[in-house]
Amino acid sequence: MTQQPALIRCERVTKRFGRKRVLRDVSLTVSAGEVVALLGANGAGKTTLLRIVAGLDRPKQGEVWLGAVPLSAADHEIRRYIGVVAHAPLVYDGLTGAENLRFFARMYDLMKPETRIEQVLRGMGLWRRRDDLVRAYSRGMIQRLAIARAILHDPPVLIFDEPDTGLDRESIELLAELIRQLRQGKRAMLITTHERERAFAWADRVCELRDGRLVSGS
Amino acid sequence: MMDELLERSSDGRTSEQFGIVGPFDTVTNRDGGLPAYLRRVWAVAAKDVRTELRAKEIVGTMAAFAVLAAVVFGLAFDLRVPRPELVVPGILWVIILFTGVLGLQRSFGSEMDRGTLTGLLLAPVERSALYFGKVAANLLYFLIVEALLAPTLLILFDVNLMRPLILLGLLLGTVGYTSVGTLFAALTAQSRARETLLPVLLLPVLAPLFIAGVSLTTAILSARPLSDLWRWLVIMALYDALFLTIAFLLFDLIWEQS
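Keeping their order, the protein sequence lines are chains A and B. Going by our numbering, the first residue of the first sequence is number 1, and it counts up by one from there. Going by our numbering, the first residue of the second sequence is number 1, and it counts up by one from there.
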């Protein structure tokens with residue numbers, strides 16, 4: 001079996017908020033076609049690490065590489081290769097599901113936006129509700145739309161921060177299928193979840209953060 | 001960049017349920033230049049306006065405040081000002097100044113409150129495109145409010161502000177105000193005290209624009225010669241150009257996390 005290239009590489013990442021060290025020398029690699037789950041208690045530093053990998057935050061020390069590109073030296077184009085599902089859904093409740101994706105399609109300059117929007121909305125089971133305002137969606141539907149937004153531009157690097165939040169059993173099965181397809185499509189995925197069993201079911205490798213240190217699975 | 005980023009894999013084809021068929025980089029354009037930049041500016045502005053049309057959160061509040069403030073000024077002067085053309089310029093610009101703060105606070109504040117700012121920051125666009133999109137939407141809100149305010153002042157004070165040079169001055173003043181205001185709204189967006197911080201920071205910076213706007217409007221209403229008016233128009237145009245340039249150059253730095 002050929003070795004897949006590393007798409008996410010964190011090298012000795014340290015982050016402080018004031019005097020509190022949130023991440024300490026975290027090193028982690030995620031290869032193409034690999035799903036890595038990040039476990040840890042609240043405040044362990046999972047979201048901070050994900051924000052740093054997504055380029056939303058900068059480490060105090062250390063470096064994050066996406067493929068061969070160090071994030072500290074990358075311009076805004078690097079963000080084209082990252083898809084993020086965050087704690088907040090990152091969608092506008094005053095727009096419909098389709099309008100939300102149309103807006104982000106323009107921001108990502110998609111080549112065939114309407115085709116792509118239909119594809120992801122059908123994939124996430126939201127096609128029939130595409131013209132409803134997001135404020136009329138259930139929490140699970142909003143989360144599915146958030147996932148649709150994250151994969152809209154088909155990025156090679158995906159960062160999912162507790163993507164199972166608010167999802168019912170059926171939607172979780174849909175998410176598991178999406179993760180399986182992303183893995184087969186050679187995407188690199190970094191996922192956090194509070195559900196230990198789910199982490200082991202979804203991921204090729206499970207890592208644990210404790211007090212900002214990666215204690216297993218790097 | 002893609003080649004630099006990845007060794008591509010062409011054997012990643014799989015089910016098309018979610019459109020994840022690999023290899024990557026098949027759905028987006030890159031390096032669209034100025035047309036792509038302008039499309040993104042337009043996308044941000046159109047998104048804000050569409051959201052506002054449904055929520056009526058910003059323009060409704062601004063318009064109501066502006067009309068009420070004009071009525072309050074009318075009552076304060078007992079509707080019997082001997083020479084209204086001397087007080088109306090001040091009233092006009094004071095109302096615009098305070099009304100603007102209400103709208104500008106929501107520009108980035110609502111993105112923060114709804115958690116959507118992260119989505120904007122994750123997009124592969126220059127931050128300045130976000131800024132200009134927000135400026136365009138704010139400019140539209142201001143102009144709608146001013147279109148209501150001018151006839152209100154005409155009714156209350158019998159002063160016609162709908163003259164070409166006054167409208168030009170209003171446009172220049174509004175562009176300057178929205179350019180500075182949007183920049184400062186972004187600067188204060190992540191602060192818990194943004195409602196109080198924004199006017200405190202903004203009003204001193206707006207002083208030159210405010211003075212030029214009042215002076216220009218007074219000069220026009222007092223039928224001063226055209227030569228007296230140009231300097232105020234030039235000051236306002238320079239102010240606009242200066243702050244739009246500063247914002248274009250500095251807007252990226254606002255979102256940099258240390």
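One or more hints might be untrue.
As the list claims (entries may be wrong) - Label-pair ranges, simulated between beta-carbon atoms:
hint, chain 1, residue 1, chain 2, residue 2, range
1, B, A36, A, R210, 43 to 49 Å
2, A, K112, B, T245, 18 to 24 Å
3, B, P164, A, L133, 26 to 32 Å
4, B, Y37, A, V215, 44 to 50 Å
Unchecked claim - A short, non-exhaustive set of chain B residues, derived as facing chain A with CB atoms under 7 Å:
hint, residue
5, T116
6, T118
7, E126
8, Q190
What the hints contain is simulated information worked out from the structure, not anything from laboratory work. Here the structure is a predicted model, which means the values were calculated and not measured. Virtual Cβ for every residue (Gly too), placed ideally from N, Cα, C.
Verification of the supplied hints:
1. B:A36 <-> A:R210: 43 to 49 Å: Holds, since B:A36 and A:R210 (Cβ atoms, about 44 Å apart) stay within the stated range.
2. A:K112 <-> B:T245: 18 to 24 Å: violated (37 Å)
3. B:P164 <-> A:L133: 26 to 32 Å: Given range 26 to 32 Å: violated, Cβ gap about 42 Å.
4. B:Y37 <-> A:V215: 44 to 50 Å: holds (45 Å)
5. T116: holds (6 Å)
6. T118: Since the shortest Cβ distance to chain A is 6 Å, the answer is holds.
7. E126: This hint holds: B:E126 lies near chain A, its Cβ roughly 6 Å from the closest one there, short of 7 Å.
8. Q190: violated (12 Å)
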